[in-house]
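Participant: Chains as they are written, first to last, in our numbering: chain A, 283 to 1073; chain B, 69 to 494; chain C, 46 to 202.
Calculated directly from the structure, the hints in this document are not laboratory data.
A virtual CB, placed ideally from N, CA and C, is assigned to each residue, including glycine.
Honestly, I wouldn't trust all of these hints.
[What the hints assert, rightly or not] So these bits of chain A aren't anywhere near chain C, every CB distance computed over 12 angstroms:
no., residue
1, 380
2, 643
3, 750
4, 820
[Stated by the list, open to error] DSS-like cross-link-like pairs, simulated, lysine-lysine; straight-line CA separation at most 25 angstroms:
no., chain 1, residue 1, chain 2, residue 2
5, C, 202, C, 82
6, B, 350, A, 341
7, C, 202, B, 224
8, A, 368, B, 265
9, B, 477, A, 695
10, A, 322, B, 258
11, C, 86, B, 258
12, B, 191, C, 67
13, B, 277, B, 265
14, C, 67, B, 277
15, B, 224, A, 341
16, A, 695, C, 82
17, C, 67, A, 695
18, A, 322, B, 77
19, B, 265, A, 355
20, B, 490, A, 411
21, B, 224, B, 381
22, B, 191, B, 306
23, A, 695, B, 191
24, A, 699, C, 202
25, A, 341, B, 323
26, C, 86, B, 191
27, C, 82, B, 323
28, A, 341, A, 355
29, C, 82, B, 258
30, B, 265, A, 321
[What the hints assert, rightly or not] Quick look at which bits of chain B chain C covers, simulated, 3 or more residues with Cβ under 8 angstroms:
no., stretch
31, 250-258
32, 430-443
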Amino acid sequence: MATLNIEIDGRAIQVESGDTIMDAANQAGITIPHFCYHKKLSIAANCRMCLVQVEKAPKPLPACATPVTDGMKVQTRSDYAVNAQKAVMEFLLINHPLDCPICDQGGECMLQDMAVGYGASSSRYQEEKRVVSEKNLGPLISTDMTRCIHCSRCVRFGQEIAGVMELGMAGRGEHTEVMPFLAHQVASELSGNIIDLCPVGALTSKPFRYSARAWELGRRFSISPHDSLGSNLTVHVKDNKVMRVLPRENEDVNECWLADRDRFSYEGLNTAERLTQPMIKQGGQWVEATWQAALEFVADKLKTIPAEQIGALSTPYRPAEELFLLQKLMRGMGSGNVDHRLRQSDFTLDTKAHGGFWLGMPVTYMSRLNRMLVVGSNLRKDHPLMAHRIRESVRWYGQLNLINAHEDEFLGKVHAKRIVAPSQLATALAGVCVALAEMKNLPVPDIAAHGIADDTARKMAESLSGGGPGATGGEARAVFLGNMAQHHPCYSRIHALAQAVAKLAGASFGVLGEAANSVGAVAVGAIPVCGPLGQPAVKGLNAQQMLAQPLRAYLMLGVEAELDTHDPVTAMKSINAAEFVVVMSPYKGKSLDYADVLLPIAPWTETSGTFVNTEGRVQSFNAVVKPLGETRPAWKVLRVLGNLLGLAGFDHNDSKDVLRDALGDTPIGNVQAYLNNEISGVTAVPEQAWSGLERVAEVPIYQTDAVVRRSPSLQLTLDAALPVARMHSRLIARLGLQENGRVSVRQTASALTLKVQRDDLLPDNCVRIPSGHPLTAGLGPMFGPITAEPV
Amino acid sequence: MSLLAPSVKVCSWTRELDNPAALATYVAHGGYQALRRIISENVPGDDIIAQLKLSALRGRGGAGFPTGLKWSFMPRAFPGDKYIVCNSDEGEPGTFKDRDIMRYNPHQLIEGMAIAGYVLGAKVGYNYIHGEIFDVYESFERALAEARAAGYLGDKLFGTDFSFQLHAHHGYGAYICGEETALLESLEGKKGQPRFKPPFPASFGLYGKPTTINNTETLASVPWIMQHGGQAFLELGKPNNGGSKLFSVSGHVNKPGNYEVPLGTPFSELLAMAGGVRNGHKLKAVIPGGSSAPVLPGHVMMDCTMDFDCVAKAGSMLGSGAVIVMDETVCMVRALERLSYFYHEESCGQCTPCREGTGWMYRMIHRIEHGQGRPDDLELLNSVAGKIGGYTICALGDAAAMPVQSFLKHFGDEFAYHVEHKRCMV
Amino acid sequence: MLSSESLALIDLEIAKYPAEQKQSAVMGALRIAQTEKGWLKSEVIEFVAAYLDMPAIAAYEVATFYNMYDTQSVGRNKITLCTNLPCALMGANEIAEHLKKKLGIGFGETTADGRYTLKEGECMGACGDAPMCLHNNHCMHTRLTPEKIDELLERLK
């Protein structure tokens, strides 16, 4: 890149060739008014607000679209430039309703702000103004399309970032209207970003609508507690209540985006279902108690039960400090019965791993990968913004290969794919392994001995090894395992095979973390095989073992066992059979039925804490509001419980103390050093094949955790539709079912009647039914045999 | 008439023949000889471009850009796909010459495009035809089929390695697609919204590939120039304004139609060819280059010759050579109202000044025409027009502003009368 | 959704463009679909979009941008009259009045019997033959006079 010397407003600036005047001005801290320009979107140059004077140019030029040339002299504030900018502002305002007093955007509106600088005090436009009909974009986005200034940012966002063009600009000229196709809602899991992108009040947040003014809100930094990206948040609060959540820009994590789950889940914080007072069940009745009484009651009871008969369960959605103290409490009592991996079913790797599993690379690398293989992942819904980064890679001519049990639209080009029944996932991966070994003239790794390389496997192998047309050999390659792979009953073999594939291909190997703190939970030792950072510690039962047979007591931190577990039927059987169940949760929920003590603990907005994202980034946050009612941060609750149990080392002053206790004085470095996807000693076992039907289950995007489950607006989206049984049309016919008719499905417990939905992208021996949903919780495990018959 | 004998009828020589559009007619009169010679003899592209430069052929679509220079911008050695596109989206009010070329002499256009494909290294070409003349689109498809069958289009032409495919694409009612980058967007199956330039089509055109876009008449002139040389073409017209040009004469004349005359022909002669002003009325005003060109009073035009330079000097543009003649019965307010409505209706809606400003201007002129003008309207109208021109991605902003500014400049009295008396003075 | 004849015609359009540029055929495909169906119902647009592997909203953008596509129902005979300046100079407004009176409808309206729709058009690029109209988009009638209009309407009855 050549360096060019230019001058803007009399200031000499050095810029790279290829930069635009807008880039150069931004570098120099010179503000040029604009609307359609956005650094993450393609250049439209349609609003014309950024017109500037360029020496020797016959007319003003748009700064956003004009490349700099050496010696260029630009004036952004000359009369010539300002006249052009003012002219554009006048045109923008003639048909704008100027209804700022009733507009939600008021106070944070680009048009309002710029009208102050470039607008006239009164309008010369005396003709009739345009009125545009509202559009229904669904439960998350509210429209006032008369305010639209046609900048097309929302349309470009769909095409370029969300990967799906849901909005368009129909019509022509002054009659152009931003709209979805007919009555279609905007269904992208990234849709809320168009609210931020809209420079005016045409697209605003529906849940937030009319609830507060921008200037009344306090702005607090936080970290999203949902997916494993750890999106940075600015939480807006008023009167000790979270009013809305916006992205906080962090180029290395979420850029300037936010998935809808991160943006709208806050609604689940303010529900009537919140538990606000400790409660003890006495004689079958719930009685409110003081914290003192409740914790003493818990401690006294726990003292009477042998530690190995107590199971501590949590989820990877809780902060690291809490998970650390939970395991410390258990190990202090003499048991290693602690786990957070409630949806996992194969724990073989607990003795084969050499560290915590992680992404294997910084998140930013995902935007510039050339060759990828993603195994067992519902990418878009499980990791919305990482899927966006992979789409970016694909747009830059990257090749994405998929092995999965179902096929949801990735919204980008897929190079090769293999959709197989869950039981055949490892075999499919072994095929790629064999193809790679053949291609490279290397011995087939033992783990893949049973694999067969077919054309698809070879296509993937060629892609992964960096071959094929246009290849340079220097391609960045990666193999990733998704949530489904990690929940799989043969996870250890899938992991071993993926590792073998990555080694053969010279690719990096990563595990896409299931949740916000999947990496952190392991790092702080909330697993039964070791303590924090892999230190030796009392060993105990894993989640599956704890729930397979009833223990006498369960200590549950933020768990909704009927929804959060791999096999809710078995889990609930054990929990119901226990003599003492303590539930620490922000919500009452179903635990009213099975708990003996309910302790109100803070959701992430009401406590300080730390999440470690999937790349090992340690991100701490503070409470943004005071705890609701008698709610307390869980780390404090566990500390007091530790004290009451007479355990040593429960004397932390604040959550920073806890984090230091867990991860040492340099938590970031210590976590990084601990991360390792390498495993050894997994042996090949022939895959179990059965002739019957298999269940394919994913956790729906808005059922992942207790908070999103309670966000009313997210629950109204198409992604939160009632579960159906999806099947291939061949299967529907074979079973004598009707498309859109009803089917009775059964796994290990009672039968359930669901609507039949045709999905010809599924293997024809699979029935796809989501898990983690109240309606399907009674079916059984996420994988395994299932029967289906007409009702 | 023949393509072999140099005449001023560069594009319209077939008009008087029987079956003018037939391949046989064209071939019998020397058609496709230039193409055959160029391809068979492997004439260097640079030589052809040199002839075009010598001919002083300037773009016939409205902008008048030198064609030889345009072709020289094309990265001819670029290894990937390249395209030649013909702009037959003739929708500028007053213009109807390309329609007649395609109706009466389609093969000269096809030959011109094939030569362009050869010179520019394009293996595929598209002719984008105005949607409203759908019968012409269909007849052009038939001409293409004839040319393919006879081996003038297709693979390995005349036994050489040169292949050229040509397809017709129709518009469907959008004036803006006459703008070359809007046309490319439309050809890609999108809304016809102009692209910001740079990059120019020569580097980033159709499907992002190097592309040259020329007007129908421009491309149809190429075989003539190849046949007779650039010098002969130049001598038809005048320096810097080479060749003949088709002028579409419409409005208040006795014989509206296309007249191909050398550039530099006096307007009075052209008017006489078109039978003079209808019914002996007095000439009031002329728009000399399509509706976007500034209007000129009749007496100014009578002193003008029809070439790019003279018309520009008189304060307008030769544009596409569409001459709209208005006699003394015309209310200039009403005439401008209709033109303003057109630009308002046809604005693509992309750029703020044009999207918003064209509606503003139309509504004001509509009010004035309907007796609701206000004293400060004319000043405001001029001011608004001045804030559109030059501020938009494409020239449609200027095209919408220029009529308003020129009508007010030359016929301001009529507008003032309308405002003051709430009625027309004509 | 569309007849095999229409699909064959659409395939011919698709064949004009590079294989990965099917969307280029959308203008031809929508025109062919409209010719078969009379006007472009949303289902038809959706079908064409799916046929060309493009987003439905992108096809809808095209259908609403170019004014010869009808996204609202029209009569059996759509008459689009150019009233732009060159046509107006040659009597297009008088023709318009004649048509409106004769059909009892204004521009943008359809007769109660569904037989005629009248539309105001923009420049058709044939101003030397002004005034003119299009019948059902593809058939141009030029140098119109009230008598010619009467004849035309009689023929279309």
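Participant: Taking the hints in turn, state whether each one holds.
Facilitator: Results for each hint:
{"no.": "1", "hint": "380", "result": "holds (28 angstroms)"}
{"no.": "2", "hint": "643", "result": "holds (31 angstroms)"}
{"no.": "3", "hint": "750", "result": "holds (17 angstroms)"}
{"no.": "4", "hint": "820", "result": "holds (57 angstroms)"}
{"no.": "5", "hint": "202(C) to 82(C)", "result": "holds (19 angstroms)"}
{"no.": "6", "hint": "350(B) to 341(A)", "result": "violated (39 angstroms)"}
{"no.": "7", "hint": "202(C) to 224(B)", "result": "violated (51 angstroms)"}
{"no.": "8", "hint": "368(A) to 265(B)", "result": "holds (23 angstroms)"}
{"no.": "9", "hint": "477(B) to 695(A)", "result": "violated (57 angstroms)"}
{"no.": "10", "hint": "322(A) to 258(B)", "result": "holds (23 angstroms)"}
{"no.": "11", "hint": "86(C) to 258(B)", "result": "holds (19 angstroms)"}
{"no.": "12", "hint": "191(B) to 67(C)", "result": "holds (18 angstroms)"}
{"no.": "13", "hint": "277(B) to 265(B)", "result": "holds (15 angstroms)"}
{"no.": "14", "hint": "67(C) to 277(B)", "result": "holds (16 angstroms)"}
{"no.": "15", "hint": "224(B) to 341(A)", "result": "violated (47 angstroms)"}
{"no.": "16", "hint": "695(A) to 82(C)", "result": "violated (34 angstroms)"}
{"no.": "17", "hint": "67(C) to 695(A)", "result": "holds (16 angstroms)"}
{"no.": "18", "hint": "322(A) to 77(B)", "result": "violated (54 angstroms)"}
{"no.": "19", "hint": "265(B) to 355(A)", "result": "holds (19 angstroms)"}
{"no.": "20", "hint": "490(B) to 411(A)", "result": "holds (24 angstroms)"}
{"no.": "21", "hint": "224(B) to 381(B)", "result": "violated (48 angstroms)"}
{"no.": "22", "hint": "191(B) to 306(B)", "result": "violated (34 angstroms)"}
{"no.": "23", "hint": "695(A) to 191(B)", "result": "violated (28 angstroms)"}
{"no.": "24", "hint": "699(A) to 202(C)", "result": "violated (58 angstroms)"}
{"no.": "25", "hint": "341(A) to 323(B)", "result": "violated (41 angstroms)"}
{"no.": "26", "hint": "86(C) to 191(B)", "result": "violated (37 angstroms)"}
{"no.": "27", "hint": "82(C) to 323(B)", "result": "violated (40 angstroms)"}
{"no.": "28", "hint": "341(A) to 355(A)", "result": "holds (14 angstroms)"}
{"no.": "29", "hint": "82(C) to 258(B)", "result": "holds (22 angstroms)"}
{"no.": "30", "hint": "265(B) to 321(A)", "result": "holds (19 angstroms)"}
{"no.": "31", "hint": "250-258", "result": "holds (count 5)"}
{"no.": "32", "hint": "430-443", "result": "violated (count 0)"}
Of the numbered hints given earlier, the model fails hints 6, 7, 9, 15, 16, 18, 21, 22, 23, 24, 25, 26, 27, 32; all others are met.
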